[in-house]
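**Q** Here's the letter readout for the chains.
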Amino acid sequence: MKFQFNTSFKEKIASHIFLVSALASILFVALICVFLFANGVPAILKIGIPDFLFGKEWAPTDEPAVYGIFPMILGSIYVTLGALAIGASVGLLSAIFLARFCSDRMHKLLKPAVELLAGIPSVIYGFFGLVVIVPFVRQNFGGSGASILTASILLGIMILPTIISVSEAALRAVPNSYYEGSLALGATHERSVFFTVLPAATSGIVAGFILGFGRAIGETMAVILVAGNQARMPNGILGGIRTLTANIVLEMGYAADLHREALIATGVVLFTFILIINLMFSILKKRVIQ
Amino acid sequence: MISYYKRSPLSLVLRILVTLAIAITVFALGFLVIYILVKGIPFLKPSLFSLTYTSENVSFLPSILNTVIIILGSILIAGPLGICAAIYTVEYASRGNKIVGIVRLTTETLSGIPSIIYGLFGMLFFVTALHLGYSLVSGILTISIMILPLVMRTTEEALRSVPDSYREGSYGLGAGKLRTVLAVILPAAIPGILAGVILAVGRVVGETAALIYTAGTVADFPKGIFSSGRTLSVHMYELSREGLHTGEAYATSVILIVVVLLINWASNKFSKKLGKNS
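These protein sequence lines map, in sequence, to chains A and B. Quick note on this note's numbering: the first sequence kicks off at 35 and runs consecutively. Quick note on this note's numbering: the second sequence kicks off at 3 and runs consecutively.
Derived from the structure by calculation, the hints contain no laboratory data. Just so you know, these numbers come straight off a predicted model, no measurement behind them. Hints may contain errors.
Partner residues aside, some chain B positions facing chain A, computed with beta carbon under 8 Å [said to hold, decoys possible]:
id, residue
1, Y6
2, S10
3, V28
4, F29
5, L31
6, I38
7, T108
8, T109
9, F123
10, P151
11, T210
12, Y215
13, S235
The list that follows gives simulated cross-link-like pairs (lysine-lysine, PhoX-like), each with its CA atoms no further than 25 Å apart [said to hold, decoys possible]:
id, chain 1, residue 1, chain 2, residue 2
14, B, K100, A, K320
15, A, K90, A, K80
16, B, K100, B, K225
17, B, K100, A, K319
18, B, K274, A, K142
19, A, K142, B, K275
20, A, K145, A, K319
21, A, K145, B, K271
22, A, K142, B, K271
23, B, K275, A, K145
24, A, K44, B, K179
25, A, K46, B, K100
26, A, K46, B, K179
27, B, K274, A, K145
Even for Gly, the Cβ is constructed at its ideal location relative to N, Cα and C.
The whole structure should be built from the sequences, with the hints applied where relevant.
**A** Right, dumping it as structure tokens:
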């Protein structure tokens, strides 16, 4: 009898430990939200929402200091769109190759390569961009080399693995009967893949693009090393730019008072972007499953 | 073959496009890895491994030690937590459980948050609110939250890949739920869990943005886990930002790339083992 009590007691304790561990992620998300918003929102209100979000000048050391993050918002969006233009096209076509154009043997070689691309640390990408892509852009397109274009190319490479793996999964989820039906109607292999399989996988592929967008907008260390970091309105694709993420890392080291709070508020804006992107992603993913 | 493409020239164009795309992808990877290795290996001098750090030799031995401490600490926290959480969602929760829905949503949110936001949160919470200061502990705690969703997701996948017959067999022999989970299911899922943990180690090794304002950037050996210290990636960032020690930056990136290659290889090996089991 005593033994039985012990086991059921143990079972109960264990199941509670497991439950509490599972609840930890809820706690962490709540903590992150509370601390970010509680520390950042007061600064936004103090500066004024329109002045902060749409102010075209960022001059925290001026007298009086000006805190407008519109240049950084634009910078983040431009660089991310540029990255998506490169990463999405090359990534999607690569995914099509992996899903429908290569033998199993080749797939076994290429898939780990794509995974490796995802495993390389962002600071290594940044360094590579600094010593290879920046001089390349400087010599071939002019300007200082640290520019929107450079950052877009580098981020485009960095989001490739995300886009490839999500798109490939979406393509593979399309029933083979679509492809076979198209072949039977006389279409070539390529036409069948591009005009029947690909449209059927659209929502999954778009989900991959959104995820890639989120990765690119949140990327920090690589962008800092290649984007130039000038806190001014973007002037052309060969001009330098500062992103929201770079703004935080560059100035947090010496910022104090309202300046520091304004940087945290920059994080709040970025976090809000990310939450919206995540929400879109999970809605799309749900639609794919249905 | 030629007549095939004559019938539909568009098909040829499409085939060329996809081949070109995969070639670009492979080229980008190959160029990056080979470029760093070729340019960096000559810079791997013994002075980089010297036991005392000076701003002249920029020894990265302290950063390697810091990286190892942060890896061990964060795996020690996120490992058990993530595995227990996955055991709950896969083995304990009933189907359509509302808590599991919320847990899944929050884990997905966590895995979508960029590392700079973790860094910001770690600075506000661990460094400032909990008064831990710029220290290895702050870094470890911040990173633990960051890698939790990765450990949890891979463990969930590993647990799900254990066939139901294992569970039925164990119950049939009279084992309780806890014993079934610990003695039968977990051992069968270990290769998959290990693959996930190794991937998490890879994330920690490469992490920079979440550590700069939590673990700090002190380049010397730490005096304990409450003192600040930079990891290898942070060291690498500082070197390339300053632009004074490009050779050393190349050497550091060689070490990082080799570690990442090893980690990927090991993780793949373990996940293959899991595939064979089930």
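**Q** All the hints need checking, so say for each whether the structure fits it.
**A** Hint check results:
Of the supplied interface hints, the one on Y6 (chain B) holds, with its beta-carbon coming within about 7 Å of a beta-carbon of chain A, less than 8 Å. Nearest Cβ of chain A to the Cβ of S10 (chain B): about 5 Å, under the 8 Å cut. The hint holds. The beta carbon of V28 (chain B) comes within 6 Å of a beta carbon in chain A, closer than 8 Å, and the hint placing it at the interface holds. With a least beta-carbon distance of about 10 Å to chain A, the hint placing F29 (chain B) at the interface is violated under the 8 Å criterion.
A hinted interface residue such as L31 (chain B) counts as satisfied when its beta carbon comes closer than 8 Å to some beta carbon of chain A; here the least separation is about 5 Å, so the hint holds. About 7 Å separates the beta-carbon of I38 (chain B) from the nearest beta-carbon of chain A, less than 8 Å, and the hint is met. Because the beta carbon of T108 (chain B) sits about 4 Å from the nearest beta carbon in chain A, less than 8 Å, this interface hint is met. Taking 8 Å as the C-beta cut-off, the interface hint given for T109 (chain B) holds, the closest approach to chain A being about 5 Å.
Given hint, F123 (chain B) at the interface with chain A, holds; its Cβ is 5 Å from that chain's nearest Cβ, closer than 8 Å. Checking P151 (chain B) against chain A by beta carbon gives a least distance of about 7 Å; that is within 8 Å, so the hint holds. Interface restraint check: T210 (chain B) against chain A, minimum CB-CB distance 5 Å, threshold 8 Å, status holds. Among the interface hints, the one on Y215 (chain B) holds; its C-beta lies about 6 Å from the nearest C-beta in chain A, closer than the 8 Å criterion.
Using the Cβ-Cβ criterion of 8 Å, the hint placing S235 (chain B) at the interface with chain A is satisfied: the shortest such distance is roughly 5 Å. Between K100 (chain B) and K320 (chain A), the direct Cα distance comes to roughly 16 Å. Compliance with the 25 Å bound is thereby established for this hinted pair. The hinted pair formed by K90 (chain A) and K80 (chain A) meets the criterion: a straight-line CA distance of about 17 Å does not exceed 25 Å. For the proposed pair K100 (chain B) and K225 (chain B), the alpha carbon gap of about 46 Å is over 25 Å, so the pair is violated.
The hinted pair formed by K100 (chain B) and K319 (chain A) meets the criterion: a straight-line CA distance of about 19 Å does not exceed 25 Å. Distance check on the hinted pair: K274 (chain B) and K142 (chain A) sit about 12 Å apart at the alpha-carbon level, within 25 Å; holds. Only pairs whose Cα atoms come within 25 Å are accepted, and K142 (chain A) paired with K275 (chain B) is accepted, the gap being roughly 15 Å. Between the alpha carbons of K145 (chain A) and K319 (chain A) the distance comes to roughly 23 Å, so the proposed pair stays at or under 25 Å and holds.
As the CA atoms of K145 (chain A) and K271 (chain B) are separated by approximately 14 Å, the hinted pair is consistent with the 25 Å bound. Straight-line distance between C-alpha atoms of K142 (chain A) and K271 (chain B) comes to about 13 Å, which keeps the hinted pair within the 25 Å bound. For the hint linking K275 (chain B) to K145 (chain A), the alpha-carbon distance of about 17 Å falls within 25 Å, and the restraint holds. Under the criterion of a C-alpha separation no larger than 25 Å, the hint pairing K44 (chain A) with K179 (chain B) is consistent with the structure, at around 10 Å.
Simply put, K46 (chain A) and K100 (chain B) have alpha-carbon atoms about 20 Å apart, close enough for the 25 Å limit, and the pair holds. Between K46 (chain A) and K179 (chain B) the alpha-carbon distance is near 10 Å, which keeps this suggested pair within the 25 Å criterion. Restraint check for K274 (chain B) and K145 (chain A): the C-alpha separation of about 13 Å stays at or below 25 Å, so the hint holds.
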